[in-house]
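A.B. asks: Residue-level listing of the chains:
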Amino acid sequence: MARGIRDSVAILGMGCSKFGERWHDGPEDLLVEAFRECLEDAGIGRDRIDAAWLATAIEEVSVGKSGIPLAEALRLPYIPVTRVENFCASGTESFRGAVYAVASGAADIALAAGVEKLKDTGYGGLPQRSRGALNDMVWANFSAPGSFAQLAAAYRTKHSVLPEDLKRAMAQVSVKSHANGAKNPKAHLRNEISIDKAVNAPMVADPLGLFDCCGVSDGAACAIVCRPEIARELGRENPITVKALQVSVSNGSEAGHNSWDGSHFVTARIASRRAYEEAGVRDPRAEVDMVEAHDCFSITELVTMEDLGLSREGEGWRDVLDGVYDAEGDTPCQIDGGLKCFGHPIGASGLRMLYEVYLQLEGRAGERQLDTPRLGLTHNLGGAPHRNVCSVAIVGREGG
Amino acid sequence: MSKAARETWGDPTTAAFWEAAREHRLVLQRCADCGHWQFYPRPFCLECGSSALSWKEASGRGRVYSSSETHMAPSPDIETPYVVAVVELDEGPKLMTNIVNGRCRIGDRVRVRWREREEGPPIPDFEPDPEG
Ligand SMILES: [Zn+2]
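Each protein sequence line maps, in turn, to chains Z and R.
Letter by letter, the first sequence follows residues 9 to 408 in my numbering.
Letter by letter, the second sequence follows residues 554 to 685 in my numbering.
Once the Cα atoms are required to be at most 25 Å apart in a straight line, the calculated SDA-like pairs of lysine to any residue come out as:
(1) Z:Lys166 to R:Arg614
(2) Z:Lys194 to Z:Phe95
(3) Z:Lys127 to R:Ser628
(4) Z:Lys166 to R:Asp682
(5) Z:Lys205 to R:Glu622
Treat the hints as calculated values from the structure; they're not laboratory data.
Could you put together the complete structure from these sequences and hints?
C.D. replies: Structural data, given as C-alpha cells:
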C-alpha cells in the first residue's frame, strides 16, 4: 500500500450552516453562512486560500455545474475551483480534493465546501436518476429505501435474527440519533422519539418505516485545511490532522450478486481496512472514540458498525440494543444527530460529519460534548448497497 | 405494437437480452471457457475475463433471496404497495425484480412472468411457482 497521508494535513477551521428547510435562502446563502464560520475559525483571510473544491450532487436544482458558483458566492481570489460529484459521498470527495492538494505540496491552504438545496427538488426522497436499457433490467422500480430494505432481509436471514428483534434494533438506531439531534441547535429534526413510536410508524419499504429513513434537508458545510506547520504558525500548538482518507467504489460485482450475499457493504469493509492501515489503527473498537456514519437508513448504520469492525459480524444489532453506540456508550455514533436528524443535504453531508468530529476533538460541541475523544471516524456512502461509493476518513490530534 | 417495441433496444451488450425478452425468453450469459453464468450482461466473463460469452436460455425458475414490500414509490406513477426482491435463479445468478401475483417468503420458489410495457420490450417479473 502507498505511504498514505497520515498527519500530512491539518484542519485549520470548519463551518456548517443550520440544516433544515431553508426555503428563503439560496445555495449561495448557505455556502456563505458555512464559510463565514469556517474562515473566522481558521483565523485567516480568504486571500490565503490557494485552491478550492465544491461538492454538489444534484446540480440541476442546486448551484449549477462547474466551480464557478463557489468562486462567485465566496468571492474567491481567482484560484482553481473544482466541482466534484460522487453520489451522497460527494462531501468527502470535496474534502479529499483539498486534503490531497495540501498533502502533495501543490497548495499550502485549501478549501473544501459542499452544499445542497434538496428541498427545492420537491421530492420526499431523492429524485430518480436517469435510466437506460441496462437500468431497466436491474432497477425493478426500487426506491432508495427499497434497495436498503434488502439489506435488512439478507442480514436477518444470514444471521438468524428474528424480524421483531431487528426491527427493534433499527428503531434504537433512530431513537438514539433523535436524542442526540435534540441537543444540536443546527440540526434539522430536534425531537426525541420512543422505540414504540419508531416501531409502529407507517411502513416505507418493509421493514423500513418512517423513522428508519433520514429526511431531506438544505444545508452547507466547509473545511479549510493546511500543512501542519502553517497551523502551528497560526497558533494551533497540537493541530487536528487527517490520519486517513480512503474511498472504495463498487465495480459491478455486487450488482451482479455473484459472490456478494447482500447482507453487508463490500466497499465499507475495504475502505475501512485501508483507512485503519493508513492511520495505524490496530483495534478500531478500542481506539476509535466516536463515529459519524452514513445513516441514510437505520439498517445502513447497523450493518456499517460491523463493516467498520466495531461490532462483530452478526452482533451489531445486539450492540445497538446494548447501547454501545449511544451518547453514553463505548463508541458514540451520530452524536450530532447524524443524517437522520442533523439532516442530509447531499453535497454537504461528508463535511458535516467531519465538522462534528472536529468540534468534539476541539472540545467545542456544547451540550453534546463527549468526554475527551481523541480519534474520530467518518463514513460517507453514496449509492445503493449493490452499487456504491464509500469514503472513510479518520481524524485526530497530530502525533496522537 | 408500439414504436419502441419494434426498435432495437439497448446497446451491443444488452440488445440480445431484450430481443429474447420480446419472445418471453429469459437469457443469461454463459462463458464458453469456464462455464460461468452471469447476469446482468457484460462484455466479458466476471470469473475468468474471457470474452467468449454466449447467450443461453435460463429455466426462468429460482427462489426468493431477499424481498421488501415498498409502500412509498420513488415516482407517483408507480402503484403501491409492490414487492422488490432479489431472486436467485437456478442457474446461479441473482437479479433484482418485482414479485407479482401473490406473496412470497424468502426461500420460496418463483418463476418468471413477463410484464408488457409501452416504452420498451417486456420486463421479467417473478411470481410464485405452483410446481415448486
Ligand atoms: Zn469465464
